[in-house]
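At position 138 of the sequence shown the residue is numbered 120 (our numbering), and the sequence of numbers has no breaks.
It is possible that part of the hints are untrue.
Said to hold, decoys possible - What follows is a list of derived Cβ distance ranges for each label pair:
(1) A124 with L53: 16 to 24 Å
(2) A124 with G21: 28 to 36 Å
(3) G66 with T87: 29 to 37 Å
(4) A78 with T27: 17 to 25 Å
(5) R45 with A85: 35 to 43 Å
(6) L82 with A18: 17 to 25 Å
(7) G66 with I15: 39 to 47 Å
(8) V49 with L22: 39 to 47 Å
(9) G112 with R42: 17 to 25 Å
(10) M12 with L61: 46 to 54 Å
(11) L111 with G21: 15 to 23 Å
(12) R58 with R11: 49 to 57 Å
(13) V120 with L93: 35 to 43 Å
Since the hints were made in silico from the structure, they are not lab data.
Every residue, glycine too, gets a C-beta built ideally from N, C-alpha and C.
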Amino acid sequence: MLSPDKARGMGLSGKVRASAGVSIFWPQRMAGILLAFAGLLAIVTATLGLYAVLAYSGLRRTRELGVRIALSASCRDILRSTLGHGMILAAIGIVAGIGLAAAGTRLLGSLLYGVTATDTFAGVAALLLGTVLVACYVPARAAPPASTRSSR
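Hey, can you work out the whole structure from these sequences and the hints?
Right under this line is the structure:
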């Protein structure tokens, strides 16, 4: 492979010098792309796992929510209960995750170029909070409607 300096010294054209530069930095670029893909895959996996666990937890409460509605709880109370439970769990997890991630940034700080390790904390936290809201809202809306109450 030709280094860019050698290509310049040999009087080669800009295209050849550019292709020589790309071929020199290709392993680092490919490693960066693979790491970015692995990070994206980790975020998607965490989001899907979080959704699955919270949605299952909410679906397990469907009978309880039906009983509460039968005892004249409003849909607003059901939503508040379901979302509150999920948001408390999410807040605990996000606070613990951000704390551990902030501690781990000291280890990764020397490996990052031009990006601070804390740049993505808010984005990931917002993504996970959005996932929690959807995961808790869907089972709460799937609860039996108030019209199924028995009138005795």
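Quiz item: So which hints don't hold here, by number, going up?
Solution: When the structure is compared with the hints, none of them turns out to be violated.
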